[in-house]
Amino acid sequence: MFKTNGFINCRHASQSMLQSTVDEKSGIATMTMNKSPVNSLNLEFLDEIKTHLNKFEKDNVRGMILTSGLQKVFCAGLDITEFYNPNPDRLAKFWTTLQDTWLTLYTTPFPTVAVINGHSPAGGCLFSMSCDYRVMVGPMYSIGLNETKLGIVAPKWFQDTMVAVIGQRKAEISLTTGRMYTTDEALQIGLVDESVPDTDSALIQGKQFLNNFKRISPWAYKMTKNIGRQPVVQWLIDNKQEDLDFVMKFMQSPSVQTSLGNYLQSLKK
Amino acid sequence: MFKTNGFINCRHASQSMLQSTVDEKSGIATMTMNKSPVNSLNLEFLDEIKTHLNKFEKDNVRGMILTSGLQKVFCAGLDITEFYNPNPDRLAKFWTTLQDTWLTLYTTPFPTVAVINGHSPAGGCLFSMSCDYRVMVGPMYSIGLNETKLGIVAPKWFQDTMVAVIGQRKAEISLTTGRMYTTDEALQIGLVDESVPDTDSALIQGKQFLNNFKRISPWAYKMTKNIGRQPVVQWLIDNKQEDLDFVMKFMQSPSVQTSLGNYLQSLKK
Amino acid sequence: MFKTNGFINCRHASQSMLQSTVDEKSGIATMTMNKSPVNSLNLEFLDEIKTHLNKFEKDNVRGMILTSGLQKVFCAGLDITEFYNPNPDRLAKFWTTLQDTWLTLYTTPFPTVAVINGHSPAGGCLFSMSCDYRVMVGPMYSIGLNETKLGIVAPKWFQDTMVAVIGQRKAEISLTTGRMYTTDEALQIGLVDESVPDTDSALIQGKQFLNNFKRISPWAYKMTKNIGRQPVVQWLIDNKQEDLDFVMKFMQSPSVQTSLGNYLQSLKK
Numbered sequence: 037m038f039k040t041n042g043f044i045n046c047r048h049a050s051q052s053m054l055q056s057t058v059d060e061k062s063g064i065a066t067m068t069m070n071k072s073p074v075n076s077l078n079l080e081f082l083d084e085i086k087t088h089l090n091k092f093e094k095d096n097v098r099g100m101i102l103t104s105g106l107q108k109v110f111c112a113g114l115d116i117t118e119f120y121n122p123n124p125d126r127l128a129k130f131w132t133t134l135q136d137t138w139l140t141l142y143t144t145p146f147p148t149v150a151v152i153n154g155h156s157p158a159g160g161c162l163f164s165m166s167c168d169y170r171v172m173v174g175p176m177y178s179i180g181l182n183e184t185k186l187g188i189v190a191p192k193w194f195q196d197t198m199v200a201v202i203g204q205r206k207a208e209i210s211l212t213t214g215r216m217y218t219t220d221e222a223l224q225i226g227l228v229d230e231s232v233p234d235t236d237s238a239l240i241q242g243k244q245f246l247n248n249f250k251r252i253s254p255w256a257y258k259m260t261k262n263i264g265r266q267p268v269v270q271w272l273i274d275n276k277q278e279d280l281d282f283v284m285k286f287m288q289s290p291s292v293q294t295s296l297g298n299y300l301q302s303l304k305k
Numbered sequence: 037m038f039k040t041n042g043f044i045n046c047r048h049a050s051q052s053m054l055q056s057t058v059d060e061k062s063g064i065a066t067m068t069m070n071k072s073p074v075n076s077l078n079l080e081f082l083d084e085i086k087t088h089l090n091k092f093e094k095d096n097v098r099g100m101i102l103t104s105g106l107q108k109v110f111c112a113g114l115d116i117t118e119f120y121n122p123n124p125d126r127l128a129k130f131w132t133t134l135q136d137t138w139l140t141l142y143t144t145p146f147p148t149v150a151v152i153n154g155h156s157p158a159g160g161c162l163f164s165m166s167c168d169y170r171v172m173v174g175p176m177y178s179i180g181l182n183e184t185k186l187g188i189v190a191p192k193w194f195q196d197t198m199v200a201v202i203g204q205r206k207a208e209i210s211l212t213t214g215r216m217y218t219t220d221e222a223l224q225i226g227l228v229d230e231s232v233p234d235t236d237s238a239l240i241q242g243k244q245f246l247n248n249f250k251r252i253s254p255w256a257y258k259m260t261k262n263i264g265r266q267p268v269v270q271w272l273i274d275n276k277q278e279d280l281d282f283v284m285k286f287m288q289s290p291s292v293q294t295s296l297g298n299y300l301q302s303l304k305k
Numbered sequence: 037m038f039k040t041n042g043f044i045n046c047r048h049a050s051q052s053m054l055q056s057t058v059d060e061k062s063g064i065a066t067m068t069m070n071k072s073p074v075n076s077l078n079l080e081f082l083d084e085i086k087t088h089l090n091k092f093e094k095d096n097v098r099g100m101i102l103t104s105g106l107q108k109v110f111c112a113g114l115d116i117t118e119f120y121n122p123n124p125d126r127l128a129k130f131w132t133t134l135q136d137t138w139l140t141l142y143t144t145p146f147p148t149v150a151v152i153n154g155h156s157p158a159g160g161c162l163f164s165m166s167c168d169y170r171v172m173v174g175p176m177y178s179i180g181l182n183e184t185k186l187g188i189v190a191p192k193w194f195q196d197t198m199v200a201v202i203g204q205r206k207a208e209i210s211l212t213t214g215r216m217y218t219t220d221e222a223l224q225i226g227l228v229d230e231s232v233p234d235t236d237s238a239l240i241q242g243k244q245f246l247n248n249f250k251r252i253s254p255w256a257y258k259m260t261k262n263i264g265r266q267p268v269v270q271w272l273i274d275n276k277q278e279d280l281d282f283v284m285k286f287m288q289s290p291s292v293q294t295s296l297g298n299y300l301q302s303l304k305k
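Residue numbers (our numbering), protein chains in the order written: chain S, 37 to 305; chain P, 37 to 305; chain L, 37 to 305.
There may be inaccurate statements among the hints.
[To be verified] Restraint ranges, calculated between C-beta atoms of paired labels, are given here:
(1) S:299 x L:225: 33 to 41 Å
(2) S:234 x P:225: 24 to 32 Å
(3) S:234 x L:206: 32 to 40 Å
(4) S:276 x P:234: 52 to 60 Å
(5) P:225 x L:251: 36 to 44 Å
(6) S:262 x L:121: 53 to 61 Å
(7) L:206 x S:266: 24 to 32 Å
(8) P:267 x S:262: 14 to 22 Å
(9) P:225 x S:266: 16 to 24 Å
Since the hints were made in silico from the structure, they are not lab data.
C-beta: ideal position from N, C-alpha, C; glycine also.
From just these sequences and the hints, can you work out the full model?
So, in structure tokens, the structure goes:
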């Protein structure tokens, strides 16, 4: 039915920031982000995530769980140092890789679950929302698109991804205020689907969700998901360059650089 | 105010699969599907439904209730035998008739209520969702777009119709898992508007909903509804041929034919 | 941070129908509609509202509260006398001013709160929904887009504004039936965000909402809001003339004129 051809034993498994395993019996892949200290998404890490996703697709996995191997953090989002005093070529490559990784994650031909076992701001929230289902460990963690709090802007496709999950009204207020939600608040507004007390329970619930697809034709699943997600996806496909130009221009503007500098300074303290 | 010119006495009333009556006082039409055993929507039945809807429009009815005269089934959806080993010409005519019937139902110039007094999978759910309001008899029946469970795909306009009723998030999970909802579950997610214990109560509630429009100008109603439903409608109008081509290609593919064969076999048992 | 240059002392403050003040410390503007008897939106009043909004923008206010200085009425909506036996030139100017005022209000670069301290039908509801947040005084007032009840039609951008707040399903049923909601009903469907017992509490809650933006960069706020609201806005920008033509044609049609005449007659009694 699916082939894993030893993915678990490949170079990624041991020394990498990203660990992937595929359960031979169920065909369920687990991708564990393990990049200390906070799973920040820099160019190399994004590239690795994309590579793993593509491999899962080639191996015809039947589902995937995305989770964190760190204590307390699911994913802190985009690595701010990619934006601060950037080399323009690297910044362009970084953003393009983010676009492509998101496109891959958002349109996987297999169902996906985010097991959110730690804080999940900004890009961490984006990747969670891009999965088919979200199980979050509570009650102490937080999740949200808090870009405005950093003085930056969530691009249209971040926003559309959130609108698809919680609707226009809740997305607007969430995005403009840059609000982070506790697990229970996130559950209440529909930003996550389940709240559980620990990672083990979250993994169990995640797999239970994937069991819904056991007898669903992968082709029918894939076509159905793609029809629904197509408008959001198509916007980015049609506006990749424009989206990049926007980021290149504004992220390098003096006022945003100052905001980011202050933010990085505050992190050090 | 409206003319019924003896619709109740026309050839459809007694020997037909579809019975229509118009209450002279209120101007409310009732269309009762009575095609044993499960009101499956084949070419001829769809054509008849469309004809009745067009007649209601010509007669300026003030509202319509769509219900079933069968025990336990509102409408089982599209007749699968139209897809299994099909004659291509008939398949094309069948699908085009479905498109046209849906366009007519979704844009009636009068308000419509689905009185869902039995199971309502797939096309039965689509027709329910295309009405302005849904009253469902509970607690024993089920409703949903379960296409993926049959190894097939709900086309974009099925999906958009569902999104308009329950929103993007709930529609995606419902569509990809092919889930059927009990009456109470359907009420909870907004897939139906009311749950009642029997058909008589459902008819009463349906008529009560239509009373909201007693003093509303039919022109203002029609214009208001059309503005809101236009995006979903326009997609199908703009993509009728493409939508047909998709169905012709995939429904006749060997893998889908195998799925449908297995499904039909399971029904016989 | 922001400049008020004596706005509170300008000609608008005392003898005008519209009173604006800016709190020097917080940068929060308050715009109070005070046009007896019901704050009906005629050409001149709309023009004044637009002028004040533009001034707020120039003065870099940090937020705005829109409220009423009248007893029992927030805003009764568009002045029906602008539609009844209209001078075509004035009608065109009126509608264009409405379009422009709404565009300005819907896209303010600062957060806005409607403090709905009285009834708010039709255009009053539109302006409330165009703010970022709604606090409504309860339990005795009502709000809704009740155009169909008057025999007229809420244009697409009215409808889209409502869909953005309460979603497609609730907007459709609300719009076609022309339903007015009590404060508690409005809270329940999400048409308002808070219900409070009096105007003073409403102003406090409104200011508290605006406090969310104290540490948010105005630029990040503005960009984020505009990305989300752009589709609704763009439709009107792209269809201003078409929208005007529709209004010019239908509002002057004999049947709508008769409806409006009857309505105005009923108001006099």
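Taking the hints in turn, this is what the structure says about them:
1. For the pair residue 299 of chain S and residue 225 of chain L, the beta carbons lie near 38 Å from each other, so the given range of 33 to 41 Å is met.
2. Checked against the given bound of 24 to 32 Å, the beta carbons of residue 234 of chain S and residue 225 of chain P, roughly 28 Å apart, stay inside it.
3. The hinted window of 32 to 40 Å between residue 234 of chain S and residue 206 of chain L holds, with their beta carbons roughly 37 Å apart.
4. For residue 276 of chain S and residue 234 of chain P, the hinted distance range of 52 to 60 Å is satisfied, since their beta carbons lie about 56 Å from each other.
5. Checking the proposed 36 to 44 Å range against residue 225 of chain P and residue 251 of chain L shows it holds: the Cβ atoms sit about 37 Å from each other.
6. The supplied range of 53 to 61 Å is met by residue 262 of chain S and residue 121 of chain L, whose beta-carbon atoms lie about 54 Å from each other.
7. Range check, residue 206 of chain L to residue 266 of chain S: about 25 Å between beta-carbon atoms, so the 24 to 32 Å window is met.
8. Hint check: residue 267 of chain P to residue 262 of chain S, Cβ distance near 19 Å, so the stated range 14 to 22 Å holds.
9. Our hint of 16 to 24 Å for residue 225 of chain P and residue 266 of chain S holds, since their Cβ atoms are close to 23 Å apart.
Every hint from the earlier list agrees with this structure, and none is contradicted.
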